[in-house]
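Visitor: Listed below are the residues making up each chain.
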Amino acid sequence: MLYLVDKPMAEVAFRTIDGDDDARVVLIQDGVLLEPDVGAPTYAVARDVEVRGVELSLGIEPITYDTLIELVVEHETRTFA
Amino acid sequence: MLYLVDKPMAEVAFRTIDGDDDARVVLIQDGVLLEPDVGAPTYAVARDVEVRGVELSLGIEPITYDTLIELVVEHETRTFA
Amino acid sequence: MKRDVIVLLRRAPYGRVHVPEGLRAARGVAAGFDRHDLTAAFVADGVYAARSAVDKGALNMPGHVADLLAEGGELVADGAALAERSIDESEVADDVTVLPGEELTARIRAADHMLDF
Amino acid sequence: MKRDVIVLLRRAPYGRVHVPEGLRAARGVAAGFDRHDLTAAFVADGVYAARSAVDKGALNMPGHVADLLAEGGELVADGAALAERSIDESEVADDVTVLPGEELTARIRAADHMLDF
Amino acid sequence: MARLGFVVTGGPFDSQRWRTAYEMGRAALDAGHEVTYFHYLDGTLVPVAGQAFPDCSDTGLYDEMPVEKFRRLLADGAEVVCCGLCVDARGIDAETDYPDGVEVGLLPDLADMIGEADRVISL
Amino acid sequence: MARLGFVVTGGPFDSQRWRTAYEMGRAALDAGHEVTYFHYLDGTLVPVAGQAFPDCSDTGLYDEMPVEKFRRLLADGAEVVCCGLCVDARGIDAETDYPDGVEVGLLPDLADMIGEADRVISL
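Protein chains in written order, with this note's numbering: chain R, 6 to 86; chain E, 6 to 86; chain H, 33 to 149; chain F, 33 to 149; chain B, 2 to 124; chain G, 2 to 124.
Extracted from the complex, chain R is given alone in its bound form (with noise of 0.2 Å):
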């Protein structure tokens, strides 16, 4: 499953990725801001990282909207923003 994940719903969002073996996170909007300790592959939007001049801890990969468009479609989807 992928999870599209901001700030508001931060707290909900990682208790849900926590029980999902197979997650993948992508941090959206003020999402880039935090610091989430999991274990899933992890993405940022690249455009919401550098409006915020947001240094990315090592591992989170930047990525385009169009990129973000393939996951969703790949994947099923949850959006906690």
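It is worth saying that the hints were derived from the structure and are not from the lab.
Cβ atoms here follow ideal geometry from the backbone N, Cα and C, with glycine treated the same way.
Hints should not be assumed to be uniformly reliable.
[Claimed, not checked] Calculated cross-link-like contacts (lysine to any residue; reagent style SDA-like; alpha-carbon spacing at most 20 Å):
1. H:Lys34 to G:Leu107
2. F:Lys34 to B:Pro109
3. R:Lys12 to E:Ala15
4. R:Lys12 to E:Pro13
5. F:Lys34 to B:Asp119
6. E:Lys12 to H:Asp77
7. E:Lys12 to H:Lys34
8. R:Lys12 to F:Ala115
9. F:Lys34 to B:Leu75
10. G:Lys70 to B:Asp89
11. F:Lys34 to B:Gly116
12. E:Lys12 to R:Ala15
13. R:Lys12 to R:Pro46
14. R:Lys12 to H:Ala44
15. F:Lys34 to B:Ala3
16. E:Lys12 to F:Lys34
17. R:Lys12 to F:Arg117
18. R:Lys12 to H:Asp77
19. F:Lys34 to B:Asp89
20. G:Lys70 to B:Gly92
21. H:Lys34 to G:Lys70
22. B:Lys70 to E:Asp71
23. B:Lys70 to G:Asp113
24. G:Lys70 to R:Asp71
25. H:Lys34 to G:Asp113
26. E:Lys12 to H:Glu116
[To be verified] Distance ranges between label pairs, derived from CB positions:
27. B:Pro55 to G:Arg73: 25 to 35 Å
28. B:Pro55 to R:Gly44: 43 to 53 Å
29. G:Ala50 to E:Leu63: 49 to 59 Å
30. G:Arg73 to H:Gly104: 33 to 43 Å
31. F:Ala115 to R:Glu55: 23 to 33 Å
32. F:Arg117 to E:Glu60: 30 to 40 Å
33. H:Glu135 to F:Ala102: 53 to 63 Å
34. R:Glu55 to E:Glu66: 45 to 55 Å
35. E:Asp71 to R:Val43: 43 to 53 Å
36. G:Asp94 to B:Arg73: 17 to 27 Å
[Said to hold, decoys possible] Residues from chain F that face chain E, not an exhaustive set, calculated with beta carbons under 10 Å:
37. Leu40
38. Arg42
39. Gly64
40. Ala113
Take the given structure of chain R and dock chains E, H, F, B and G to it, following the hints.
Guide: Relative to chain R, chains E, H, F, B and G alone:
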């Protein structure tokens, strides 16, 4: 000084209140869901308490908007809503 | 196609339209052509609205809740969110089922689609 | 009457108009007939906007900041809010003064009026 | 008699701030104080006429629409100013969308309010 | 080809959600997918025409107003439905305030979208 406090700004509100020996606090809106640990006299807007079905902690006095305005006129006021 | 839909109600209820209008949406989606299966889940500050002490009339909840239940919808609350806010299960309204946190998040994963309000 | 006014900028900057429009308000109030003394204070998630790395252009900040400073206004940031978000003082923009938490709250108490955005 | 100024930045459907500003202004007028509102940002959506919300409780937030409450404040002597920039940003047509008495102003009006008010309440 | 449904509940000025919904829909259309929007609550304020925001950066959130972005999505085949109840609640005149192509619907339209969509994104 009189402090009107709702949840979203509660953190900076209570830090500001901590430094004021002459503080009075009024919980408004979702602020009535807070259980503040302040040494200052504390009130809560009665209508906000009632619709939310909240039981106020001992020592917190429910007040009407009329009383709130009396307090506002009597004291310098800061609103954290 | 008939779907299993979970609707998260995540905001403190009074002062904004999200809880009642989220319930209205849940009911409307349940009543549509596909007769989707609906669960409305009180999570985060939304659990304040699951308490029996809240003034449901002032929140415009009763009509939407009755309609949702009549359509076979279900109301659940996140036990973890309740605990975090020191709300005892006994304070929760009778028509709401309290689920342990892991069960609630399992429901989120198991649904076909999720909305949040 | 000339007033000492503090404007709190409390929301994360990108995605909503509150930081730039709060600065616009601060600048407008400073430029009015009474020539009020203005302090714009980044607090809570607003401190993200005080960082030099943020894209101030995309946030529509530069014009309002320049105007506010030209009117004699001051920009400060809450040191406590920075620390809580692991933002080092060295990351804060040059035109913003970092105040220790107690000094920031003392400024709030000392002002004649406070607005928040 | 005191002068109270309210700065309203919240919209009609996303927070209780407009309603608190109304209730406080109502109580202040009843007590003989002078009341001015400056609506800024989504606060300019509050006194828009022609809003209609179905199935609303008589005891809730929308026992009547916000514009009706502000009509009454205006009739009882409150001054209501909406920020013109914010009005334009939201595609509001002040002529047709606001009731009589609501003024469109600019930030110098906020500066004046702040200079004159004994208390400023930001909601 | 996949079918994507976006439920937009945030207004144009208080969160980035409308803009994320636009960017994702834009990318989905470019990739040949089918895109439907259901605007609910303050989301119905997003495609309102006649909004104008001064001094805006060309690189920011309001490089152009939301309605322009949704006009382009419509031209490229997206379906855009606004909840009629929410439209009325906000005093929006759909005839004059929305561009051609924006439909006013009701919750059965949301139910249909949910039945047909491969993915539903709630923003």
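Visitor: Okay, which hints does this one fail, numbers in order?
Guide: Violated hints: 7, 9, 16, 19, 21, 23 and 39; rest satisfied.
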